[in-house]
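Chains as they are written, first to last, in the working numbering: chain A, -6 to 441; chain B, -6 to 441.
Note that these hints are calculated values from the structure, not bench results.
Just so it is clear, the structure is predicted and the values come from calculations on it, not from any experiment.
Don't take each hint at face value.
Heads up, incomplete: computed chain A residues facing chain B, CB under 7 Å, no partners named [what the hints assert, rightly or not]:
1) A48
2) T51
3) N132
4) A161
5) S171
6) G173
7) L179
8) S266
9) P269
10) A270
11) A291
12) T295
13) T394
14) K407
15) L409
16) A415
Chain A is nowhere near these chain B residues, computed Cβ spacing over 10 Å in every case [to be verified]:
17) P212
18) R321
19) Q383
C-beta atoms are modelled at their ideal positions from N, C-alpha and C, and glycine is treated no differently.
There are 2 protein chains.
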Amino acid sequence: MTTAFDGPPLEIDTRPAVLDQFTVDETGRAGQRPRGVAAPADVDEVAALVRWARATRTPLIARGAGTSLEGHLLAQRDELIVDLSQANSILDISPTDFTATVQPGVTRTQLNAATAEHGVQFTVDPGADASLGGMAATNASGTTTVRYGGMRANVLALQAVLPDATVARFGRAVRKSSSGYDLKDLLIGSAGTLGIITELTVRLHPIPEWIRSLRVSFPTVADAVDAAVEMLGAALPVSRLELVDTVSMVATNAYRGTDYAETPALFIDVESSSEPAALAEEQEITRIVLGHNALDLAAARTHTERHALWEDRHNLFFALKSLHPGRRFMVTDTAVPYSRLAAAVDTALRLGAELGLAVSVCGHIGDGNVHTIVPYDEHDDEVVQQYSDQLVRHALAVGGTATGEHGIGLTKKKYLREEHGAAVDLMLAIKRTLDPLNLFNPGKVLDP
Amino acid sequence: MTTAFDGPPLEIDTRPAVLDQFTVDETGRAGQRPRGVAAPADVDEVAALVRWARATRTPLIARGAGTSLEGHLLAQRDELIVDLSQANSILDISPTDFTATVQPGVTRTQLNAATAEHGVQFTVDPGADASLGGMAATNASGTTTVRYGGMRANVLALQAVLPDATVARFGRAVRKSSSGYDLKDLLIGSAGTLGIITELTVRLHPIPEWIRSLRVSFPTVADAVDAAVEMLGAALPVSRLELVDTVSMVATNAYRGTDYAETPALFIDVESSSEPAALAEEQEITRIVLGHNALDLAAARTHTERHALWEDRHNLFFALKSLHPGRRFMVTDTAVPYSRLAAAVDTALRLGAELGLAVSVCGHIGDGNVHTIVPYDEHDDEVVQQYSDQLVRHALAVGGTATGEHGIGLTKKKYLREEHGAAVDLMLAIKRTLDPLNLFNPGKVLDP
Chain A
-6 MTTAFDGPPL EIDTRPAVLD QFTVDETGRA GQRPRGVAAP ADVDEVAALV
44 RWARATRTPL IARGAGTSLE GHLLAQRDEL IVDLSQANSI LDISPTDFTA
94 TVQPGVTRTQ LNAATAEHGV QFTVDPGADA SLGGMAATNA SGTTTVRYGG
144 MRANVLALQA VLPDATVARF GRAVRKSSSG YDLKDLLIGS AGTLGIITEL
194 TVRLHPIPEW IRSLRVSFPT VADAVDAAVE MLGAALPVSR LELVDTVSMV
244 ATNAYRGTDY AETPALFIDV ESSSEPAALA EEQEITRIVL GHNALDLAAA
294 RTHTERHALW EDRHNLFFAL KSLHPGRRFM VTDTAVPYSR LAAAVDTALR
344 LGAELGLAVS VCGHIGDGNV HTIVPYDEHD DEVVQQYSDQ LVRHALAVGG
394 TATGEHGIGL TKKKYLREEH GAAVDLMLAI KRTLDPLNLF NPGKVLDP
Chain B
-6 MTTAFDGPPL EIDTRPAVLD QFTVDETGRA GQRPRGVAAP ADVDEVAALV
44 RWARATRTPL IARGAGTSLE GHLLAQRDEL IVDLSQANSI LDISPTDFTA
94 TVQPGVTRTQ LNAATAEHGV QFTVDPGADA SLGGMAATNA SGTTTVRYGG
144 MRANVLALQA VLPDATVARF GRAVRKSSSG YDLKDLLIGS AGTLGIITEL
194 TVRLHPIPEW IRSLRVSFPT VADAVDAAVE MLGAALPVSR LELVDTVSMV
244 ATNAYRGTDY AETPALFIDV ESSSEPAALA EEQEITRIVL GHNALDLAAA
294 RTHTERHALW EDRHNLFFAL KSLHPGRRFM VTDTAVPYSR LAAAVDTALR
344 LGAELGLAVS VCGHIGDGNV HTIVPYDEHD DEVVQQYSDQ LVRHALAVGG
394 TATGEHGIGL TKKKYLREEH GAAVDLMLAI KRTLDPLNLF NPGKVLDP
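Model the full assembly from the supplied sequences, consistent with the hints where possible.
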């Protein structure tokens, strides 16, 4: 197109106080102050903005709820923020098809509030109340992934505006398709570097009637991991399977006033189809954990009890923050094969001890995804980086990944070639083909 | 590379009797006689062959067990067949990690024979004893997809030789990764047009102890579909959910000497975690099917009974062949949203009646994937094509897909733009970037 642009097609907010909000991310990391913020309401406004950005060579960072953790949203090159949080309409809910179609700014709790009356739910739960567009862009997952999968398994179709301002659709709103190349999954996890997601059709799942939540204490992390792997092998209908270590339990007791055993624990959800199934499945889990030296098992059967148990897990980060007021936090995100899980946790704790860091571990153990949380001060930056590097390199050495669910963003680019080798050249070729001007979230994921 | 090639790096078989075997596919469709057949034993031989093919501009068709259904393997441009059926070593089975690593020629029954002693299984079951490389190349799925997903969900990582002869790895052998662009899923389903798969790491699943198989008869297809959708909504642990229509039951009775009600039926597998769960889940299914006018329910509880029940389902194609000796068969493969399933089946039966075709329906109803099987003679070719066209266009009009699991291949290219619109330009750009000489299965999926 050769349209002469006098100015941008929608209002750009450049008030310093507004720009400041977009300069620091949730982890406390700071980028440049962006050149401005535009808030398109729909796909047409996004496409118009992209046409203008092309004409004016303006780099863009698409943004939803702003809860990403690896620097995905930090400006570095005088970018314009494309704030999609106001493009937040739920366009369709179809309980029979088990699908919902939404604009990218819809958050997961917003969607679940709307679907609950139909007895269906959107299952991907990264903890934060992220936007669905952002969750797709980072291929988010979380506590329920062990049963329901992450965003790739739960986004059936999406619409995106490409760097040449084309509006295209990827995937189909059906359970299965083998039609053409899978570009839907190429867009998912590309962090806004290949397209700006403007609509998504996601899978919904029935809300189960019988859920038990269990908290089981173990003498060692290895016992907890072994019990978890045996549960997975027994094909029990586990929908959450979380490891929390001793340090985290100490923090939880201090923060929540609870009186839990200060030992490693598993937090477990089991979703059964009926009461007899629920009883049998709880019995089987009890048998398995006792075989791995379980010290204590607490079962939550009512909604209130379950809510309290998971609140403890979800508040872990705040509990640690309260134990370490005023400090920064590094959250690591490696994933490894099950057989390497116990060693990965040991490595983290050993490395932490060697480097004098107060490492705590909590992980989506059912997915082999280990998070460690490390409080630190500004002057420890190098030590914490060294810790993170060694942890990632250990994961890569045993066949794991640098990032199970947070994404590469800005902070993990250095591991990309170590993890993917020659495939990185193909990633670069695709980026250059789609975005030859490098205007879509430049410098994130890779450097074309 | 500028190596001067005197000849190909491995033996090329050009005996006419051998080439004839590669000229006609399983559906009876014929292509050209290929220029030859090479059978590399490993990735190094594949890479050497690709280097030679580049130097000599020889187009290649990679092939596993040869069970694809949409003309994927038919030569059109004097191609060389890269026969990977002898690259069939199982490289690793890790029961703790629930993974296996195999060469591409390993078939699913070969893998399952090797994993069974560990209590784990590879779940993707397209019916045919396909090779895992071929299943990945076509993104195959089948009867168990409703619970375990198809190839995308079950291939964690793969190695491929790209058109420039680079050997690259895609994905990681872990449950979750958000590292970089998802090229693993771009390769899966690309039908050998972007790379030749030389190794795969797949997910294994525990073999469940409690499986019930049920056969339920209904007065109408609509009743069967409604019962199936209600079962999915009840979150029952259904692992197979197949629809078989009246014509198919008539054929089965004639072929297998059975005495089943000649009405539409559901064939169901339920995988329970324990005996009490199994009893409760069978009871719940009984309640649901009775609510949808079920006429008859037969339960198979022993391995022998289950095997007999599924043999009936798996022999359906042969039963129909025996009813229509000497005729060709068209198998359609659309998938639609659940709410459109009953209408899709009705449309197929109505279209068949209008066109004077003996249409029978059997479908992976739990995935919204409807197959119809149509016997025909050579002179009916145009009518059958017209039937297939109308069925696909109906599926696309209601938001479905031209192919749920067989792939685009050669025969469904004409629907690609109708289904994907502007996204096809991106597919073409990717094909041109990766394979500028158009040597990898040229003319399949798309025409660059």
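Evaluation of the provided hints:
1. A48: It is violated, given that the least Cβ distance between A48(A) and chain B is near 20 Å, above 7 Å.
2. T51: violated, 23 Å
3. N132: Holds, because the Cβ-Cβ distance from N132(A) to chain B comes to roughly 4 Å (cut-off 7 Å).
4. A161: holds, 4 Å
5. S171: holds, 4 Å
6. G173: holds, 6 Å
7. L179: Constraint on L179(A) satisfied, holds at 6 Å.
8. S266: This interface hint holds because 5 Å falls under the 7 Å limit.
9. P269: holds, 4 Å
10. A270: holds, 4 Å
11. A291: Violated. Min distance 21 Å.
12. T295: violated, 19 Å
13. T394: Holds: closest Cβ of chain B sits about 4 Å from T394(A), inside 7 Å.
14. K407: This interface hint is violated because 12 Å lies over the 7 Å limit.
15. L409: Constraint on L409(A) satisfied, holds at 6 Å.
16. A415: Nearest chain B Cβ about 4 Å off; hint holds.
17. P212: The claim stands: P212(B) keeps its Cβ more than 10 Å from every Cβ of chain A (closest is about 21 Å).
18. R321: With a cut-off of 10 Å, R321(B) remains clear of chain A, as the shortest Cβ separation is near 23 Å.
19. Q383: holds, 18 Å
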